[in-house]
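J.: In case you want the letters, here they are:
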Amino acid sequence: MINTVILSYITFVYFFCFLAYLVLLVTGREVFGKAATFLTIAGFIGNTIGIGLRWFESYKLGVGHAPLSNLYESLIFFSWAVVLLYLIVERRTRNKTIGAFVTPIAFLCLAYASFSDNIVDGIQPLVPALQSNWLTAHVITCFFGYAAFAISFGMSIMYFLKMNEGHDNRSIFFRIIPGRDILDELSYQMVVIGFLLLTLGIITGSVWAHTAWGSYWTWDPKETWSLITWIVYAAMLHARLMRGWQGKRLAILSVTGFLCVLFTYFGVNYLSSLHSYSL
Amino acid sequence: MFSINMLFFYHESFPGVNCFDLDDTDVAVCNKLCYRFKIRTLRDRNPEIKINTANIGLIMTDKKTNPLWNLLKSVKLTLVLLSLLAIASVFGTLIQQQDSAVIYHSLWFRLIIFFIAINLLVCSMDRLPATLRLFRLAPSPDRSRIFEDAATRTIISGNAAVDQAAPVVQKYLRGRHYKLAVKESGGSSFVYFEKGRFSLFSVYLVHLSVLIILIGAITGSIFGFSGYVNIPEGASIDSLVISEGKSHGHRDLGFVVRCEKFMVDYYDNGSPREYRSDLSFIAGGREALKGSLRVNHPITFMGVTFYQSSYGAAAGEKARIRLINNEKGAEETIIEAELGKAVMLPENMGELTLTDIKDNLMDLMGPAVLVSVRSPEGQGSQIWLFQEYELVRERYPEMFDMSLKFNPSAYTPFTFSLDEIESVNYTGLQVSRDPGVKFVFIGFVLIVIGLLLTFFTSHRRFWIRIAGEKGNVKISLAGMAGKNPVGMERELDRLILKLKKVTGEWKHND
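First to last, the protein sequences are chains A and B.
For the first sequence, the working numbering assigns the number 109 to the initial residue and increments by one for each residue that follows.
For the second sequence, the working numbering assigns the number 3 to the initial residue and increments by one for each residue that follows.
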């Protein structure tokens, strides 16, 4: 199918984005930043076309549905959401260095989707449980939430690196990445967005489970892990807002939260789960 | 660049004290002013914190120390409880799902959740009086220190007087629907106004929503039930086995559900497209509702909701039995027998009644039926017939030796065998009643509204001072926000630009 071919090419585009952002970090030359942004926008457009074509092809196969129904489709949507959110952040902060820490996430997800043997990339018809408008709402809110957490994670990694900046250390890298206060604030803002969307994701999933299975909460491993993730980020927000936590301690929490996100997304598939069709 | 939640006190709670960078004397003054509370600065809590206009606050701890209350409101308790909840949940996800109920439905797990709720409630109650005070607070408009300490914008005019400029500014702000507090003092004109005062309560709304969701969950587990039932096609049920809820065991529904038909529809690739049960609901002897039950489209009848959950095939009430007449050259006859109905045997050799049907006799011997045969003379006998006769005989020979009940040739001149038991499709339904679900969903809506208000609105307060200075008029605008100082700065920029426009030609001076 043409959509999977296009998306596998986009994997390489995202890899080159990552390289361009890395070169920018090392040389500090604006031209690489411009090239990186250009490549990222091109990759994003390609990613969008891939998703759109896949949607269109599913209708041609007579099983039309939004491409949000299995692990492959969630991965390509996740990459798309990460890059979209990143481009917005880049535009607003006018700092391109964050890209070096975010585009690899999109690259890895697309690479996993395109080149792993465990992943079925065919368009599958929706089984009865998935035939619901809640599916779309649930997947979009969850994965935009995950994307925001991913960007916050990237910023926290930058924060840890920035902490090594010495007084006499005037390397290009330290000069062009944002200051610690800015990274801290941006990371926090991403967590706020992610937390709101994760809340919506859990709620839409819960309402959907209520109509599909007759119970809004069943302590299914995916549900439970999403709750654990929610608690970690809730704790992080309270630590910052109520206790004035900042900087390193908050960055550690952000990384912890993102590890929980990863486990909710991938790790749970190795446990028995009602979400098994997402494998 | 960062912000602190509005649950901290603004310094206006203590008029006359400059709290922008509190030192020990300030704290002492605060403590005198407010006898009930012990005041500490933010910096006591966290030495790393950088104090700026946004995060200025006082942490007030109640001096009245009720140890139980202090324990229940403590953030340490919150952390301990949440960690316990997380660890228990993680453990629950690592064991098999059917076993995990041991954790999630255990008393101690529910106690953790109960104490989280109590902790949340006590924390909110503990802080509410302070928030209410802040909410009711009407700061004085003539506060000169504000213009030095808070984020401030200034414009200077060379061609107006204070008593000319002040009405223009006030008129403009009133046009924007701000409620103004105005004061003339020492030749200067002061204005105070604010927005988003209700934002102070948004975090309480979030916490309240969590409590409402928990109340819904408790309501459901006390007054609701959940169970599972199989209905063969053409059959009816009026009760079900309860798997979750207060009363385990059987539960009468108070009405009858009949499954007219069950269907599975497939896609071309063989995966299922639709499971559908045509149900009718009969109450008081009358059919009250008829409907097609599909996955994601539950049906509610008399407060009980039915969900399409599974399906399968089970033994029906008919069986095909093969007879061999040993006297007439092994002549074969096949008879269709229905449970409880007598069938004539060939050539008036008596009658046969199917008296029992087993899917899998004693869970070992496969499909079997019990038939009673009665000769025309009135002699009767009962025989178990197996579908896999040879196999069963091989495995349990002593059983066949002991009793004539298993001998298929016990009734001369026939040898009976079981050909097939007719199978019937059944539909598997999840059945539940949950009066708590509406609270849960109300909680869902409120928590989203609460989070939006918490993160995207803030209580912003503005002071304007219009003062004469060396023949010019100087307009100063200061603003304070409970959170999002960056947004506050932007708003000040917008506002000062507007003031510049409405007051005519001004010379900008930052």
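No lab work stands behind these hints: they were computed from the structure.
Quick caveat, the model's predicted, so the values are computed rather than measured.
Among the clues, some could well be false.
[Unchecked claim] On the chain A side, residues computed to face chain B include the following (Cβ under 8 angstroms):
1) PRO233
2) MET271
3) GLY274
[To be verified] Cβ-Cβ distance ranges computed for the label pairs, FRET-style:
4) A:SER116 - B:LEU366: 50 to 56 angstroms
5) B:ALA140 - A:THR201: 51 to 57 angstroms
6) B:PHE137 - A:SER224: 36 to 42 angstroms
7) A:ASP289 - B:ILE120: 35 to 41 angstroms
8) B:ALA315 - A:SER224: 34 to 40 angstroms
9) A:PHE374 - B:GLY342: 37 to 43 angstroms
[As the list claims (entries may be wrong)] Each computed DSSO-like pair below joins lysine-lysine, with the alpha-carbon atoms no more than 30 angstroms apart:
10) A:LYS330 - B:LYS440
11) A:LYS270 - A:LYS142
12) B:LYS78 - A:LYS330
13) B:LYS185 - B:LYS440
14) B:LYS197 - B:LYS181
15) B:LYS440 - B:LYS173
16) A:LYS356 - B:LYS173
17) B:LYS407 - B:LYS330
18) B:LYS320 - B:LYS440
Virtual Cβ for every residue (Gly too), placed ideally from N, Cα, C.
J.: Each hint should be assessed against the structure and marked as holding or not.
T.: Going through the hints against the structure:
A cut of 8 angstroms between beta carbons decides the hint on PRO233 of chain A: the least distance to chain B is about 4 angstroms, and the hint holds. Contact between MET271 of chain A and chain B, as hinted, is not supported at the beta carbon level, the nearest pair being about 13 angstroms apart and thus beyond 8 angstroms. The beta carbon of GLY274 of chain A is not positioned within 8 angstroms of any beta carbon in chain B (closest approach about 19 angstroms), and the interface hint is therefore violated. At roughly 54 angstroms, the beta carbons of SER116 of chain A and LEU366 of chain B sit within the given window of 50 to 56 angstroms.
At about 39 angstroms, the CB distance of ALA140 of chain B to THR201 of chain A disagrees with the hint of 51 to 57 angstroms. Taking the beta carbon of each, PHE137 of chain B and SER224 of chain A are about 55 angstroms apart, not inside 36 to 42 angstroms as hinted. As the Cβ distance of ASP289 of chain A to ILE120 of chain B is approximately 37 angstroms, the hint placing it in 35 to 41 angstroms holds. Between ALA315 of chain B and SER224 of chain A the beta carbon distance is about 38 angstroms. The supplied range of 34 to 40 angstroms therefore holds.
Against the hinted window of 37 to 43 angstroms, the Cβ-Cβ separation of PHE374 of chain A and GLY342 of chain B comes to about 57 angstroms, which falls outside the hint. Among the hinted pairs, LYS330 of chain A with LYS440 of chain B is consistent with the structure: their alpha-carbon atoms are about 24 angstroms apart, no more than 30 angstroms. A threshold of 30 angstroms between alpha carbons decides the hint, and for LYS270 of chain A with LYS142 of chain A the separation of about 23 angstroms falls inside it, so the pair holds. The hinted pair formed by LYS78 of chain B and LYS330 of chain A meets the criterion: a straight-line CA distance of about 28 angstroms does not exceed 30 angstroms.
For the suggested pair LYS185 of chain B and LYS440 of chain B, the alpha carbons sit about 50 angstroms apart, so the restraint of at most 30 angstroms is broken. Annotation: proposed proximity of LYS197 of chain B to LYS181 of chain B holds, straight-line Cα distance about 9 angstroms (limit 30 angstroms). The suggested pairing of LYS440 of chain B with LYS173 of chain B is violated, with an alpha-carbon distance near 48 angstroms, which exceeds 30 angstroms. Distance restraint check for LYS356 of chain A and LYS173 of chain B: the Cα-Cα separation of roughly 48 angstroms exceeds the 30 angstroms cut-off, and the hinted pair is therefore not satisfied.
Proposed proximity of LYS407 of chain B and LYS330 of chain B is supported: the alpha carbons are some 24 angstroms apart, at most 30 angstroms. Only pairs whose Cα atoms come within 30 angstroms are accepted, and LYS320 of chain B paired with LYS440 of chain B is rejected, the gap being roughly 46 angstroms.
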